[in-house]
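Visitor: Let's have the full structure, built from the sequences with the hints guiding it.
Chains as they are written, first to last, in our numbering: chain A, 1 to 342; chain B, 1 to 322.
Hints were generated in silico from the structure; no laboratory data involved. Glycine included, C-beta positions come from ideal geometry on N, C-alpha and C. Misleading hints may appear alongside valid ones.
Derived list of chain B stretches under chain A, where covered just means 3 residues or more per stretch with a C-beta under 8 Å from a C-beta of chain A [as the list claims (entries may be wrong)]:
hint	region
1	129–142
2	238–252
Quick partial rundown of chain B residues pointing at chain A, CB under 10 Å, derived from the structure [what the hints assert, rightly or not]:
hint	residue
3	G90
4	G94
5	S109
6	L122
7	E153
8	A273
9	A275
10	V277
Listed below, chain by chain, are the residues.
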Amino acid sequence: MSAVAERVNDRLAMPLPATIAEAIALEMERDETILCLGEDIGRAGGVFGATKGLQERFGKGRVVDTPIAEMGFTGMGVGLAQAGMRPLVEIMFVDFIGVCLEQVYNAAAKIPYMSGGRQRMPMVIKTAGGCIGSAAQHSQCLWGLFAHLPGMKVVAPCNPHDHKGLMAAALRSDDPVVFIEHKALLLRKGRDFRHHPDVPDGAYTVPIGEAAVVRRGSDVTLATLSATVEHALAAAEDLAGEGLSVEVIDLRSVVPLDADTVAESAGRTGRLLVVDEDYLSFGLSAELSLRVIDLLGLSGLRQVARLAVPDVPIPAALSLEKAVVPGAEMIADKLRQMTKGA
Amino acid sequence: MTDAAMARDRFRRMAAMRAFDEACLDALRRKAIHGELHVGLGQEAIGAGMAEALRPEDAVVSTHRNHFHALAKGVDRRALLAEICEREAGLCRGRGGHMHPFDPATNFSATGIVGASIPVALGYAHAFRLRGEAAVAVGVTGDGGSHTGGFHEALVMAGAARLPLVVLVENNALAISVQFEDVSPTETVAERAAAYSALGLHVDGTDVDAVAHTVAQAMDHARGGRGPVIVEAICHRFRGHFEGDPEGYRSKEERQRVRDNFDPLRLYRHRLAAAGVSDDEADAILVAEKAAMKELLADVLDMPMPDPAGAMLYRFVEEARA
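Guide: In structure tokens:
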């Protein structure tokens, strides 16, 4: 086997969290002001392994195992940023944000504005969201919550390539960035991804705020992000066999929201479906739909539809979870319904 | 420094702080300040006392009642007053206002959320330790803030890592209306220090000499790597929690009793006399500081308000003007 082929195989066998840890390590190497705080990120290397090996390499001062004190260590991140450091604060599951939201939305997100641009807030809040059968308090996505509160960039990647590049971009950003991983993706290896499992070796960035067209199509535009991109691609493959051509867009970030790329596509296909694993009401699906309508005009689309968790806590029973969280089948059904008789 | 010079300096600092907040009250009457203004009148001895022990490299994270701490840290009073009066030339270009002054140049910041200052101060303390700097982070809060989760969490972490953190508790015994003795499980806040392997110090917050001595001791302890300190300064707030507070929780007589018995400037007169500073000289200091602030306020009120076209600027770095 050639060296290149071996390297690619290694990459494909690599769990996604190892790729994230690699991205953080490369940034910590090039910038000694970066440090990580969080529960179980040091000795244990993170509950998913996304900070594995960092404490051994960079020491306990830069990779800090904190007590279960999110309000304390999230505020500590704010102070570190004000003191000229670039903290990465891990909130193990995004559902835990309730105990420290104060420091996130009143401090980190507002201080750049409240200081008239005089105080920078280079802080990454890294957290895991998404459904893997963990019920109501360990399954939420909540990117719509962060996006509703002004002052934070909100990123939710879907593949290994973008996790590495967006993590580097987040750590280099002078603004607060909420980086939401999906638990189902964190449990995968490179080869399990349909899209962009290839990961370059060195450090690189993926710009925050640019959506990616991940599958070309002509009948309908489907916009989504995070793990749902995988479901959307599976649905699109199925429907291709039925003669329906679906364009799939990975938004990659909720703030900034790249409505231009979605509008360009939806203007061509005439139909837009927004799929969101977050809650339906007052969220991403309505916001993106309206921004696209603003760009195209009321007559610019034949159809707009959305699919999201219908304003209910995530249930424990898998049969119930499947009934409320958009998966490949639910997405395919919705697309068939939209294009019936078209 | 001779006793007279030191006493004069401390009195002048208190007089400057009092004049500053009186100017704020004046600005409020002229409708140049909006929202609930919190003045520190009656708590001047704490701001003035802590000023001497603070070095430029130290950090202070303050509260909703932050003016005296900002002045103590060396924040430019012109820029601070302009910010409080919501001017474009203010410390934060009129975006922060009186509850949210941020001054990276002096390592000074504040928060309007009670208790939220202490975790932020902890961050400075960790940064100083990591970089091997001999600086100390001071987190200020009140008796109300001492009951919050963030206060506890930050002290747990600071105590475990022996970080250079001084938590200054201005105990005026009133969390808006709720009395300290009705809600505190301990007689003092300082005695809780033992739970965090911290040093607990208790001081009369109306006595500028005692505050200066105690804060210096706390800063030395933290700077020397011996871990966090809680300094509890007992004080009295002359005015309501905010300007406009109907103060239904205390009588007019009680308010007058506080002013008559616990005014740190009046209480300092006998020290001034003992140090050889005459009453006339003290009066002259008060008059001079008042006049300086009157002039400064007039200047500030002539400054332009922020241009409405800039309301969306400064959320993100790319929106910051050069």
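Visitor: Against this structure, judge whether each hint is valid.
Guide: To see whether the hints hold, each was checked on the structure:
With a cut-off of 8 Å between beta carbons, the region 129–142 of chain B has 3 residues touching chain A; three or more are needed, and the interface restraint holds. With 0 residues having a Cβ less than 8 Å from any Cβ of chain A, the region 238–252 of chain B misses the three-residue criterion, and the hint is violated. Because the beta carbon of G90 (chain B) sits about 8 Å from the nearest beta carbon in chain A, less than 10 Å, this interface hint is met. At its closest, the beta carbon of G94 (chain B) sits 7 Å from a beta carbon of chain A; the interface hint therefore holds under the 10 Å criterion.
Interface hint status for S109 (chain B): upheld, as the beta-carbon distance to the closest one in chain A is roughly 6 Å, under 10 Å. Against a cut-off of 10 Å between C-beta atoms, the interface hint on L122 (chain B) holds, since the closest Cβ of chain A lies about 5 Å away. At its closest, the beta carbon of E153 (chain B) sits 3 Å from a beta carbon of chain A; the interface hint therefore holds under the 10 Å criterion. Evaluation of the A273 (chain B) hint against chain A yields a violated restraint, the C-beta minimum of about 43 Å exceeding 10 Å.
With 10 Å as the threshold, the beta carbon of A275 (chain B) stays out of range of chain A, its nearest partner Cβ sitting at about 39 Å, so the hint is violated. Annotation: V277 (chain B) was flagged as interfacial toward chain A, and the flag is violated, the nearest CB pair being 39 Å apart, outside 10 Å.
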